[in-house]
Structures are given as C-alpha cells and as structure tokens.
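There are 2 protein chains.
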Amino acid sequence: MDERNLAHAGRSVVAITDPDDPRIVAYRDIRERDLTGRHGFIAEGTVVLDQLALSERFRPSSVLVLRNRLSSIADRLSHLPADCPIYVSERAVIDQIAGFPMHRGVLAHGIDTQPERSVTEVLDNAMAGYGPVLIAIGIANHDNIGALFRNARAFGVGGVLLDDTSCNPLYRKALRVSVGTVLTADWCRSGNADDLIAAAEAAGYRPIALTPKGEHSLDDLEPTERLALVVGAEGPGLPENILDRLHGLRIAMESDVDSLNVATTAAIVLSRLYDSRGKCGR
Amino acid sequence: MDERNLAHAGRSVVAITDPDDPRIVAYRDIRERDLTGRHGFIAEGTVVLDQLALSERFRPSSVLVLRNRLSSIADRLSHLPADCPIYVSERAVIDQIAGFPMHRGVLAHGIDTQPERSVTEVLDNAMAGYGPVLIAIGIANHDNIGALFRNARAFGVGGVLLDDTSCNPLYRKALRVSVGTVLTADWCRSGNADDLIAAAEAAGYRPIALTPKGEHSLDDLEPTERLALVVGAEGPGLPENILDRLHGLRIAMESDVDSLNVATTAAIVLSRLYDSRGKCGR
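Protein chains in written order, with this note's numbering: chain A, 19 to 300; chain B, 19 to 300.
Heads up, a few of these hints could be off.
Said to hold, decoys possible - Here are the computed distance ranges between Cβ atoms for each label pair:
1) A:Glu108 <-> B:Ser273: 34 to 40 Å
2) A:Ala158 <-> B:Asp47: 40 to 46 Å
3) A:Ser273 <-> B:Ser30: 32 to 38 Å
4) A:Asn210 <-> B:His265: 45 to 51 Å
5) B:Asp38 <-> A:Asn210: 46 to 52 Å
6) A:Ala100 <-> B:Asp213: 50 to 56 Å
7) A:Pro99 <-> B:Gly253: 25 to 31 Å
8) B:Asp182 <-> A:Val32: 24 to 30 Å
9) A:Val32 <-> B:Asp47: 49 to 55 Å
Claimed, not checked - Pairs of lysine to any residue, SDA-like flavour, derived with a Cα cap of 25 Å:
10) B:Lys191 <-> B:Asp130
11) A:Lys191 <-> B:Asp130
12) B:Lys191 <-> A:Gly174
13) A:Lys191 <-> B:Ile48
14) A:Lys191 <-> B:Ser273
15) A:Lys191 <-> B:Gly255
16) A:Lys191 <-> B:Arg49
17) B:Lys231 <-> A:Ser273
Read the hints as simulated data drawn from the structure, not as lab findings. Everything numeric in this text was worked out from a predicted model, so none of it was measured. Beta carbons are placed, not taken as given, at the ideal position from N, Cα and C, and that holds for glycine.
Sequences and hints are given; from them, build the entire structure.
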C-alpha cells in the first residue's frame, strides 16, 4: 500500500514543508522538552504506534511521518481514526522539527481520552483477571519505568500502581522503552508507598517486597495467591519502613555483583509467577 | 577518611585547575568520543570503579574526582594501585573537562593489561566452572550489551562470547550499564555466529537459541547440561540459519506484547538455570 492507496482508504496526507508550521507545533524540539499531562505525549516508532492504535484510553491526535517511510507504513496509517491527520515531511524538515536526527520515521502525538484512573479503579480492574499487580516506588529513571511496563504487560500483570515520586510513564523515552505498553496497560500514578500498599491489601492482594535483603526465595512463591509485587528505585531501594513490615523476596545470585536492575528483577519474578499460573490452570 | 588520611596512606592528590591540563587529556570530551582499544576506556562512578579495582585483567591508569566527593570515597581511592594518580577538580573545571555536567563525582581511565582473550581461552576458563556460557550476536546497543554482562555475572555465567558485529562492551555507557561487570567477566569479541557456536560445541557446550519462536520452554531446560545460550539483537533477532539448526527456547508470555528485551530474556533463563544448579548441588 502506498500514498495512493491511503487516499483510496479515505485518508489524506498533508505535506509539511515549513518546520514552523503551526499544525506540527506538538512535535517541535521534542528532545528538549517532555510533553505529558494535558499537553499529550509523543510516541516514536511503529511498535509504539501499534499499541497506541490498540489503546482504549489513549488515542493519536496526529502523526508525522518521514516521506520515504510512508509506503511501508501506509497500511498501519489507514487504520488510524479518521479524524487523525497524517502529516508527511522530508528528512531535512522533520529533523528540524524534532530538533535531532529522527531515525524512526514516524512520530505520533497522543492524548488521554479519559479521566485519570484512581488506585481503586486499577485494583478493581486487576481483580477481574488473574495476574498480580505491580507497585513501583520512587522510580525516577525513564528507562526503568518503561522496562517495568514492558515486563508487566508481557507477564500479564493486572495493573501497575506508581507512587507520585515515580516519573510519568508517558515521557517519550519511558514510552519508547516500554514498546508502547504504557498505552495498553492499566495504571495510575498517585499517593505514596503506604497508600498504595494499603489499597492493594484492602483489595485482597498480598504485598511482597522485591529486595536483595529478602528472606524468601522464588521457590516460596504461592502462585495461587493474589500478589502485589513492590519494587523500589535502584540505589536506595525500598524505604526501610516498607521493608520492615512486608515479606521480602530475593532472587538468588552471585554475591560479588551489585544488585540486578529493578525491571529485570520484576521480570524474573513475574515470569516465574506466569509459568506457575499456567501450571495450576489459571 | 579524608584527603589528609589519603596522604597518610601514602597517596598524593593532584589538583587540576586547567581543563586543558595535559595530564587529564584522557577525560576530555568523553561524551562525544568513545575510547576503547589501545586508548583505554572511561569508567564512571564508584560501582564501576569497584569492579575495576577487583579486575585481574584491567587496571586504572588514573582517576579524576570531584573535590567535594573526595572525602566520601577516600577509602576506596586508598586501595588503588600506588602508581595510579588521583586527580581532583572543582565542579566547574571537571564539567569543562568532560564536556557535560558530571554527576557521578568520579571517573577513572582504565587500560587492558593483557592480550585480547581468544574464544578458546574463554571457553576453557568457563569449563573449569559450572555456569553456562552466553553467546551474543549483533548486539549493537550499548545498554543491551551492558545489561547482558550485568545479568551474566549475576547468574554465574562462565564466559561471554560476542561476535564481531556486537559493540565493544568497554564503551562508556555499556560499562556503566553493566555496573562494571565487563571488567570482571571473562569475555572476548571476535568472529561470527557460526564460529562462536562451533567453538562452544567443540568445547562441550550445547547451544540453545533464545527466541520467541523457540519450540522448547523453560521447563525443558536440563540444569546438568553445559549450555551455551545464544541471543541476538532486538528487532532482527538471530539469523534464520542459526535458528534453523539450533534448539530454540522461548519464554512464555502474553501474545499481544512485542518480545522481551534481549538482556531481560537472558536474565530470566539464567536465573532459572542458576536456581536449578543450586538444587542439583552444583
């Protein structure tokens, strides 16, 4: 499918030749500023765009495509909402717009179509399924937030609760590292660690802290339990008062290596739970 | 311990006040250029510095420390080789040297004290232990290379074989993401996928390709076997000719999520092997 076929699918393509064109202002200098909240967010690349197209909560308000990538992604573009403009530029123009060499060939500007989720809503929704929930505390690193979502979605997590000191997962880099799963996961970002853990317990989840200091090993996991896995930032880890009162789970590893990455830790535990659930028929 | 105690430990500290001082030329504009090979490499932060101090193969040729970090890391510095100069600068000078705001407070310039390892040497050394080996093909992303080393060392991998299209793990960012484990792992980077797989087989390892298309699951792993886990770049994955002839291992996951990160995939499999080895007494 190419541009003509897009036209046959009822989609028009708008050429942008001026980097200052007001229609593409959302894409200006995206390296320097990170859109989130009421200004929407930027999705990069076809993998993230696919999750945006699947999302019930988020939707694209426009896309900006490199001219020479148009034919290869025309099929994807034809499935975008009819009122989502498709802007097309040559490389020199698109690089000026974005403020850096834009390798991925497609950017989308996305918006949240729903009110922010509450913790209770996320937990209620998760309880309707079988997966655990993930509670992330103080994750300020965009790569780690993105990787946590990717792994959470890969292993069927029912919901992700971020405390208000964690970064917004809609930041461009977090979204990219998440391979767009932030857009199809159920999550919220509010409150502190105590609030989130208390809410998970009230909903029927058993909170477990993932920590190198944990007294339990992966073999102690009960796959039939509803678990809320609690992870903290690399470096500081979870606050002492949280570690003191939660069951702690450690991953066996060599003693002379600094701890595992937080998203990797979550992936190892989530994969084990996912396999166990399969075996007990859930 | 502070600067005076460092002096008592027989260590002198050299103040650098001119960013053009020829003694710190190795640290100039490190963001823009990536040292490796005969020019040595740059290690950032105390975690990487600790692995450098532990390394048998690599050693620091000098360190450059932020003045206000000196007292907090003086103890570490006192254990560096006696002929390793300790340069100290104020923030304004160090930022000019490095070419960007230097948050970590300590940089080391490191060198390789040994000839490059051969594939046979790495495999012979690995066979003396119990862990699997890791073969990485076409990993050009510095984060992924670093994360692969971190996970390999955490779960007792005996050696890492990189093909010659993978990036050098001594690149600054790869080294940082590896939390310095590149400096204490046994590894080499040479040859192509076929060479590396053939060498591992000749040494007695059974090669297994980690791939979403794999016909085997984690439960099929035989912890008593000597395994060579083969991973490829994200996106393209392993070449078809490799996938065709190796046993393939997949990780069970949700079908609507783009595959896992390559280092995360390795971590999940390596953790499972590590736990199984523990159980069978190895």
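To see whether the hints hold, each was checked on the structure:
1. A:Glu108 <-> B:Ser273: 34 to 40 Å: 37 Å, holds
2. A:Ala158 <-> B:Asp47: 40 to 46 Å: 27 Å, violated
3. A:Ser273 <-> B:Ser30: 32 to 38 Å: Holds: the Cβ-Cβ distance is about 34 Å, inside 32 to 38 Å.
4. A:Asn210 <-> B:His265: 45 to 51 Å: 47 Å, holds
5. B:Asp38 <-> A:Asn210: 46 to 52 Å: 48 Å, holds
6. A:Ala100 <-> B:Asp213: 50 to 56 Å: 53 Å, holds
7. A:Pro99 <-> B:Gly253: 25 to 31 Å: 28 Å, holds
8. B:Asp182 <-> A:Val32: 24 to 30 Å: 45 Å, violated
9. A:Val32 <-> B:Asp47: 49 to 55 Å: For Val32 (chain A) and Asp47 (chain B) the Cβ distance comes to about 41 Å; the hint is violated.
10. B:Lys191 <-> B:Asp130: Holds, because 18 Å separates the two Cα atoms, which is no more than 25 Å.
11. A:Lys191 <-> B:Asp130: Judged against 25 Å, a Cα distance of about 34 Å means the pair is violated.
12. B:Lys191 <-> A:Gly174: With a Cα-Cα distance of about 31 Å, the restraint between Lys191 (chain B) and Gly174 (chain A) is violated, given a limit of 25 Å.
13. A:Lys191 <-> B:Ile48: Status holds; Cα separation ~23 Å.
14. A:Lys191 <-> B:Ser273: The hint holds at about 23 Å.
15. A:Lys191 <-> B:Gly255: 22 Å, holds
16. A:Lys191 <-> B:Arg49: Since the Cα atoms of Lys191 (chain A) and Arg49 (chain B) sit roughly 19 Å apart, the hinted pair holds (cutoff 25 Å).
17. B:Lys231 <-> A:Ser273: Since the Cα atoms of Lys231 (chain B) and Ser273 (chain A) sit roughly 34 Å apart, the hinted pair is violated (cutoff 25 Å).
When each numbered hint is compared with the structure, violations occur for hints 2, 8, 9, 11, 12, 17.
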